[in-house]
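S.K.: Okay, here's what each chain looks like letter by letter:
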Amino acid sequence: MASVISIVGLTKTYASGVEALRPIDLDIEKGEIFALLGPNGAGKTTLISIVCGIVTATTGSVTADGHDIVRDYRAARMKIGLVPQELHTDSFETVWATVTFSRGLFGKPPSPGHIEKVLRDLSLWDKRDAKVQELSGGMKRRVMIAKALSHEPEILFLDEPTAGVDVELRRDMWGLVRELREGGVTIILTTHYIEEAEEMADRVGVISKGELIVVEEKNALMKKLGRKTLTLNLAEPLAALPGGLDAWALELKAEGHELEHVFDAQAEATGVPALLARLGALGIGWKDLNTRQSSLEDIFVGLVSERRGGAA
Amino acid sequence: MTRFNRHGVWAIYRFEVNRFGRTVWTSLATPVITTALYFIVFGSAIGSRMGELDGVDYGAFIVPGLIMLTMFTESIFNASFGIYMPKWAGTIYELLSAPVSAFETVLAYVGAAATKSVIIGLIIFATAHLFVDVTVEHPVLMLLFLVMIAVTFCLFGFILGIWAKSFEQLQVIPMLVVMPLTFLGGAFYSIDMLPEPWRTATLFNPIVYLISGFRWTFFGEGDVSIGVSLAAMAGFLALCLAVIWWMFRTGYRLKS
Ligand SMILES: Nc1ncnc2c1ncn2[C@@H]1O[C@H](COP(=O)(O)OP(=O)(O)OP(=O)(O)O)[C@@H](O)[C@H]1O
Ligand SMILES: [Mg+2]
Chain A
1 MASVISIVGL TKTYASGVEA LRPIDLDIEK GEIFALLGPN GAGKTTLISI
51 VCGIVTATTG SVTADGHDIV RDYRAARMKI GLVPQELHTD SFETVWATVT
101 FSRGLFGKPP SPGHIEKVLR DLSLWDKRDA KVQELSGGMK RRVMIAKALS
151 HEPEILFLDE PTAGVDVELR RDMWGLVREL REGGVTIILT THYIEEAEEM
201 ADRVGVISKG ELIVVEEKNA LMKKLGRKTL TLNLAEPLAA LPGGLDAWAL
251 ELKAEGHELE HVFDAQAEAT GVPALLARLG ALGIGWKDLN TRQSSLEDIF
301 VGLVSERRGG AA
Chain B
313 MTRFNRHGVW AIYRFEVNRF GRTVWTSLAT PVITTALYFI VFGSAIGSRM
363 GELDGVDYGA FIVPGLIMLT MFTESIFNAS FGIYMPKWAG TIYELLSAPV
413 SAFETVLAYV GAAATKSVII GLIIFATAHL FVDVTVEHPV LMLLFLVMIA
463 VTFCLFGFIL GIWAKSFEQL QVIPMLVVMP LTFLGGAFYS IDMLPEPWRT
513 ATLFNPIVYL ISGFRWTFFG EGDVSIGVSL AAMAGFLALC LAVIWWMFRT
563 GYRLKS
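Protein sequences appear in the order of chains A and B. Under the numbering used here, the first residue of the first sequence carries the number 1, and numbering increases by one thereafter. Under the numbering used here, the first residue of the second sequence carries the number 313, and numbering increases by one thereafter.
There could be a bad hint or two in this list.
Derived lysine to aspartate or glutamate pairs resembling EDC-like cross-links, with alpha carbons at most 20 Å apart [to be verified]:
1) 30(A) / 182(A)
2) 218(A) / 25(A)
3) 567(B) / 416(B)
4) 567(B) / 72(A)
5) 218(A) / 182(A)
6) 567(B) / 68(A)
7) 567(B) / 86(A)
8) 218(A) / 199(A)
9) 399(B) / 86(A)
10) 218(A) / 29(A)
11) 108(A) / 416(B)
12) 117(A) / 129(A)
13) 567(B) / 19(A)
Calculated directly from the structure, the hints in this document are not laboratory data.
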């Protein structure tokens with residue numbers, strides 16, 4: 001697939017001396033939904049801000065749809081829509097006026113029909129004549145999305161679009177993002193809700209302390225790094241792990257009532273039956289068992305803490 | 313692709329003009345009332361004892377200075393506020409991420425603020441007519457001067473708006489620098505009335521040249537020659553443009 005955004009050797013050191021981005025190389029493919037994950041302060045917003053022209057990079061280059069974002073900024077920016085992390089809206093303007101303004105600002109001729117469609121899609125149509133300051137926070141978030149969509153961008157950046165948003169709006173937003181993707185729009189989103197990335201993204205990038213530590217197809221990532229956890233509810237509590245179980249990664253939980261075994265998804269065929277057979281041989285009875293596939297969140301926490309451990 | 317983004321310029325211009333429109337009555341009533349007060353105090357109370365200045369009745373003599381005084385402060389205030397507000401409210405992100413060049417940004421913001429200033433200047437001029445007889449010897453040059461002053465001081469205000477980090481800083485320059493310089497710059501008197509060394513000292517005040525030039529377009533007579541005034545004006549304009557060019561090139565206080 002063709003890449004629509006190409007980031008090469010991008011670094012950013014703020015005037016304060018903070019190294020927000022170490023060299024980053026990343027290609028975003030046309031039409032995909034890319035989720036950028038990472039803890040607070042990892043550099044997600046910085047990365048997005050550079051691509052959108054709000055922050056100047058220290059070194060490196062970015063092209064959007066083949067246009068260099070600095071030399072050919074006009075062509076590059078016309079393709080890009082941005083919903084920033086923070087809520088920033090013009091208080092005194094009406095919803096209609098502020099969204100129409102954005103379309104003009106991005107160099108597009110007026111199109112009341114398109115603005116109407118965007119407002120309807122975001123359930124803002126009834127509020128079109130309301131002043132932005134009269135809207136609730138979630139509604140303001142919708143207005144910012146409407147502004148970003150007003151000029152029909154081909155690439156959409158959503159920096160934590162669902163932070164502080166109720167469940168219903170989050171569902172709406174997911175629906176909208178899918179619909180946009182079907183229309184050929186490339187979407188890059190950051191989020192702290194891992195289930196969001198899990199639900200929506202085609203690919204996931206994990207950024208930590210300014211470094212991209214993983215970029216992977218979501219499914220492949222889940223498979224590769226995904227772990228399963230087997231939990232056995234024991235018939236009799238154990239005070240300590242008996243000998244002869246060293247071959248398995250085991251831990252006693254719930255004051256010895258539960259035995260937990262964490263294993264690689266790939267190794268599942270070999271490890272578990274053998275473990276159960278061994279327990280039977282040792283006379284350890286169990287009442288119930290369940291297995292759980294680890295979520296992206298577990299993977300992500302694992303990756304980040306692994307890094308931290310490695311760096312320390 | 314370096315096409316001019318006319319939709320973008322128009323969007324900003326309209327946004328700014330709408331912003332003025334929301335306060336249209338206060339924006340227009342303020343200069344009218346202020347002008348009337350100046351005429352009552354300076355024109356009638358003091359003017360009756362002043363007689364003529366440079367062969368012009370005192371009431372008429374202060375009209376150009378009065379227009380300048382209001383235009384300076386209004387231009388700086390409106391233009392600086394126009395760019396400071398989005399910076400303060402954070403909505404500047406949209407401008408920074410938009411396909412709008414530095415030139416287009418300045419054109420739209422300064423154009424809108426200058427439009428308002430020119431309208432206010434003309435309103436003061438019309439209000440002055442209610443109080444005194446004032447004829448303009450060089451109407452075309454007078455209009456040109458009015459527009460140039462509006463543009464130059466709006467550029468200055470724009471710079472101030474980008475530079476300012478607080479509302480206080482936004483107000484300190486107009487209040488502490490421009491107002492005094494205008495009062496001392498011969499807005500209400502001819503600098504020839506001052507004793508030395510004050511007269512010579514005054515010549516270091518750039519505002520003198522602007523007020524003098526504007527007065528020249530009214531009465532064909534100024535403290536300094538019209539050529540010097542025009543040169544001073546062009547110099548100030550060039551300086552403002554240079555500073556703005558530098559600000560956008562370096563992203564000064566706009567981008568991190
Ligand atoms: N304008 C700035 N000046 C100086 N440092 C900054 C600036 N903006 C961000 N930083 C620093 O850069 C680093 C990356 O910040 P950034 O906002 O990109 O993180 P983030 O991944 O978006 O975090 P979050 O999840 O909290 O939004 C942080 O250490 C932050 O303190
Ligand atoms: Mg962020």
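S.K.: Please go over all the hints and tell whether each is borne out by the structure.
M.R.: Results of checking the hints against the structure:
Using a Cα cut-off of 20 Å, the hinted pair residue 30(A) and residue 182(A) holds, with the two alpha carbons roughly 12 Å apart. Distance hint between residue 218(A) and residue 25(A) is fulfilled; the C-alpha atoms sit about 19 Å from each other, no more than 20 Å. For the given pair, residue 567(B) sits about 17 Å from residue 416(B) by alpha-carbon distance, which is consistent with the 20 Å threshold. With a CA separation close to 18 Å, the supplied pair residue 567(B) and residue 72(A) stays within the 20 Å bound.
Between residue 218(A) and residue 182(A) the alpha-carbon distance is near 19 Å, which keeps this suggested pair within the 20 Å criterion. Restraint check: the Cα-Cα separation between residue 567(B) and residue 68(A) comes to about 18 Å, which is no more than 20 Å; the hinted pair holds. Of the pairs offered as hints, the one joining residue 567(B) and residue 86(A) holds, with about 16 Å between alpha carbons and a cut-off of 20 Å not exceeded. Pair hint residue 218(A) plus residue 199(A) holds up; C-alpha atoms about 10 Å apart against a cutoff of 20 Å.
The straight-line distance between the Cα atoms of residue 399(B) and residue 86(A) is roughly 14 Å, inside the 20 Å bound, and the hint therefore holds. At roughly 14 Å between alpha-carbon atoms, residue 218(A) and residue 29(A) fall within 20 Å of each other, so this suggested pair holds. Distance restraint check for residue 108(A) and residue 416(B): the Cα-Cα separation of roughly 15 Å lies within the 20 Å cut-off, and the hinted pair is therefore satisfied. A C-alpha spacing of about 15 Å is found between residue 117(A) and residue 129(A), which places the hinted pair at or below 20 Å, so the restraint holds.
Of the supplied pair hints, the one linking residue 567(B) and residue 19(A) holds, its CA atoms being roughly 16 Å apart against a limit of 20 Å.
The structure meets every hint from the earlier list without exception.
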